[in-house]
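Chemist: Letter by letter, the chains look like this.
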Amino acid sequence: MIRTEEMLLNVGPQHPSTHGVFRIVLKIDGEIIKEATPVIGYLHRGTEKIAENLQYTQIIPYTDRMDYLAAMTNNYILCHAVETMMAMEIPERADYLRVIVMELGRIASHLVWFGTYLLDIGAMSPFLYAFREREAIINLLTEISGGRLTFNYMRVGGVKWDAPDGWIDKVREFVPYMREQLAGYHDLVTGNEIFMARIKGVGAYSKEDALSYSLSGANLRCTGVKWDLRKNEPYSIYDRFNFDVPVFHEGDALARYNCRMAEIEEALKIVEQAVEQFPEEGPFMAKVPRIIKPPAGETYVRIESPRGEIGCYIASKGKKEPYRLKFRRPSFYNLQILPKLLEGENISNLIAILGGIDIVLGEVDG
Amino acid sequence: MIQNMLESTPSYLQTGGFFLVGVAMLMVVLGFVTYAILAERKVLGFMQLRHGPNRVGGRFGLLQTVADILKLLLKEDTIPRDADRPLFIIAPVIAFAPAFLVIAVLPLTERISFANIGVGLLYYIAISGITTIGILAGGWASNNKYALLGSMRSAAQMISYEIPLVMSVIGIVLLTGSLNLNDIIAEQQSVAFLFKQPLAFFIFLIASVAELNRTPFDLPEAESELVAGYHVEYSGFRWAFFMLAEYVYLFAMASLTTILFLGGWQAIPYLTFIPGAVWFGLKFISVVFVMIWIRATFPRLRADQLMSFGWKVLLPLALLNIFLTTIVIELFRSF
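These protein sequence lines are chains L and Y, in that order.
Position in the first sequence (first residue = 1) + 11 = my numbering.
Position in the second sequence (first residue = 1) + 988 = my numbering.
Just so you know, the hints here were simulated from the structure itself, not pulled from any lab data.
Just so you know, not all the hints are guaranteed correct.
Claimed, not checked - In silico DSSO-like cross-links for lysine-lysine, where the CA-CA straight-line distance does not exceed 30 Å:
1. Lys-171(L) to Lys-280(L)
2. Lys-211(L) to Lys-1133(Y)
3. Lys-242(L) to Lys-218(L)
4. Lys-1300(Y) to Lys-45(L)
5. Lys-45(L) to Lys-1133(Y)
6. Lys-1133(Y) to Lys-38(L)
7. Lys-351(L) to Lys-45(L)
8. Lys-171(L) to Lys-211(L)
9. Lys-298(L) to Lys-330(L)
10. Lys-1063(Y) to Lys-1030(Y)
11. Lys-351(L) to Lys-237(L)
12. Lys-242(L) to Lys-298(L)
13. Lys-211(L) to Lys-1300(Y)
14. Lys-1184(Y) to Lys-351(L)
Stated by the list, open to error - Covered stretches of chain L (in silico footprint by chain Y; criterion: 3 or more residues with CB under 8 Å from a CB of chain Y, positions within the stretch not fixed):
15. 20 to 30
16. 185 to 198
17. 203 to 215
18. 357 to 363
Stated by the list, open to error - Chain Y is faced by these chain L residues, among others (derived, beta-carbon under 10 Å):
19. Ile-39
20. Gly-41
21. Glu-42
22. Lys-45
What you are looking at is a predicted structure, and each value in this text was computed from that prediction instead of being measured.
Each residue gets a CB set at the ideal place from its N, CA and C atoms; glycine is no exception.
Produce the entire structure from the sequences given, and follow the hints as far as they go.
Modeler: Here you go:
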């Protein structure tokens, strides 16, 4: 009889596949995980507390640094919350610009996920292909906002800069280019036997589990729940676009992969329509008082970020700083199911499962 | 040349001669390793929209690897406090020495082969198995959990894939009736074994990629899971020894594939005016290119999938190949 012993393995916070400073303490028996304890907080910067001493416009750059892969969505959630409190009308042109940059950001975010996930699984090349397309998006966003990752682009009441000349045409040209490249990804990756064997049936959970763990985004839609705030509670001008919400039913890593890849296509559809409907003329900023003072009271708004449902709660006492600010950060909520998924799994699956959840540590730790 | 030296009476001159020939071969192999690493980075760069090394040594980065090796030599030699010191020091050598030993039996052209021994193929397979011990020892001696997991995987993988590797060449041995690599090349005068033994070729190719610990079978050092696997605690030149062993094996394995399946230095019919060394080089380079290509394309298998693939797919196929080969040989003999 061989005597086996459980081993404590510390994965992270410096580990190539935890996508930042995330740590998991594993109890393993051979290569089988008995227990997993996630340890978070290495990137905690206290955004919410800092925000209590800042004016609303000053908070926007801090939101960039939460989900730094889709900073435009974070910009929007804060502006959207303040605008809701102040019942502000947004110029149409600003709304279109916001939707275009948010959807481009969604594509860029999914591309990073696709690339790094494949890198985790062990395939090198798709990472570099995905980053080539992401670079094209980043260039577009740099042109309009001046930043590569931390855009600080949106303002309460509109956007900071108008689209430069010819920018809309560049976006228009990008859409078919991206579709072509996406077909290439499917050729290279989606049909690959090894890739399928690695992710099919891995990290599966049921619809009930997903709902009780409060998952959102592709992590929820992979179990068959058709829930996308852009459709279910249309905000901004999303009700003007014709797009689908991709839903898969298996609840495993493959379903999440398929879901995100399909979402890139849907985001491209939205960008295409937004570019077509883009108003030629008009202001890109509403008439906003110099110092923004939302009326006393509280509000909670939520939108669909690439990672799931991002929410913003603001309690105001009618001052120029919020009394209390709270973000519902989807990565943090999505990460909760990890210990449950990891139990009894192989260490190699750890990476496939963790990567499949698509977390951004800046968002998990706030 | 070597044969004459072997048969001559022992003398200082003869010993010195052997030594020089050995050193010359070492230089050839090290030269290959230097440029194989560069070639790998360049080809990967080409496939991944990058330039690859282009700073040191002109725009093709011809001195990049040399610079890398110099850097590794200059690095501090660290040994973890809790490591098993003697084992930690000797493990890279155990991993590396067999890689050079196996090259002795590879006939590179019709004249250059260092040891024309009767059981050349068996010798290759037997000696290359020793490397596993080096890797296992390195992982164990590091006293690191990742290294232990990596070396555990490595041992399992090397053993599982050595069997289909050996089984796949039995067909060739049956057809040739010899384990001598020169005989095997001579047998491929008219048709390369690639066409007579296509199944064996694919099994051999897959198993050799696994033996080399390269993608999609790079689990022992799976970067995204085990950080660096068995050599996670190694640095400087000790680490370089593991890497050298890996690339020397790439050289040896690609040579062996060329010899066993592509006819070694034999020319393609009607093109016999081109010297054997060139043919060997061409075939060898295409095998190396395929290995790099595979690395750029595939994701990594999971440890349990790797095992079941080796035992449940490759091994039965290799046995089937032996079975078919014997039947065909018997049929030919009776008619």
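Chemist: State for each hint whether it applies.
Modeler: Hint check:
At most 30 Å may separate the alpha-carbon atoms for a hinted pair to count; Lys-171(L) and Lys-280(L) meet this at roughly 25 Å. Restraint check for Lys-211(L) and Lys-1133(Y): the C-alpha separation of about 28 Å stays at or below 30 Å, so the hint holds. Distance restraint check for Lys-242(L) and Lys-218(L): the Cα-Cα separation of roughly 20 Å lies within the 30 Å cut-off, and the hinted pair is therefore satisfied. Restraint check: the Cα-Cα separation between Lys-1300(Y) and Lys-45(L) comes to about 28 Å, which is no more than 30 Å; the hinted pair holds.
Restraint check: the Cα-Cα separation between Lys-45(L) and Lys-1133(Y) comes to about 16 Å, which is no more than 30 Å; the hinted pair holds. Straight-line distance between C-alpha atoms of Lys-1133(Y) and Lys-38(L) comes to about 12 Å, which keeps the hinted pair within the 30 Å bound. At roughly 10 Å between alpha-carbon atoms, Lys-351(L) and Lys-45(L) fall within 30 Å of each other, so this suggested pair holds. With a C-alpha separation of about 44 Å, the suggested pair Lys-171(L) and Lys-211(L) falls outside the 30 Å cut-off, and the hint is violated.
Using a Cα cut-off of 30 Å, the hinted pair Lys-298(L) and Lys-330(L) holds, with the two alpha carbons roughly 19 Å apart. Under the criterion of a C-alpha separation no larger than 30 Å, the hint pairing Lys-1063(Y) with Lys-1030(Y) is consistent with the structure, at around 25 Å. Among the hinted pairs, Lys-351(L) with Lys-237(L) is consistent with the structure: their alpha-carbon atoms are about 23 Å apart, no more than 30 Å. Distance hint between Lys-242(L) and Lys-298(L) is fulfilled; the C-alpha atoms sit about 29 Å from each other, no more than 30 Å.
A C-alpha spacing of about 20 Å is found between Lys-211(L) and Lys-1300(Y), which places the hinted pair at or below 30 Å, so the restraint holds. A C-alpha spacing of about 52 Å is found between Lys-1184(Y) and Lys-351(L), which places the hinted pair above 30 Å, so the restraint is violated. For the region 20 to 30 of chain L, the proposed coverage by chain Y is satisfied: 4 residues have a C-beta within less than 8 Å of a C-beta in that chain, meeting the threshold of three. Three residues within the 8 Å Cβ limit are the bar, and the region 185 to 198 of chain L against chain Y gives 0, so the coverage statement is violated.
Restraint check on the region 203 to 215 of chain L versus chain Y: 5 residues with Cβ-Cβ distances below 8 Å, three needed, restraint holds. Only residues whose C-beta sits within less than 8 Å of a C-beta in chain Y count toward coverage, and the region 357 to 363 of chain L has 6 of them, enough to reach three; the restraint holds. Because the beta carbon of Ile-39(L) sits about 8 Å from the nearest beta carbon in chain Y, less than 10 Å, this interface hint is met. A cut of 10 Å between beta carbons decides the hint on Gly-41(L): the least distance to chain Y is about 8 Å, and the hint holds.
The criterion of a C-beta within 10 Å of any C-beta in chain Y is met by Glu-42(L), whose closest approach is roughly 6 Å, and the hint holds. Look at Lys-45(L): its Cβ only gets to about 14 Å from chain Y, farther than 10 Å, so that hint breaks.
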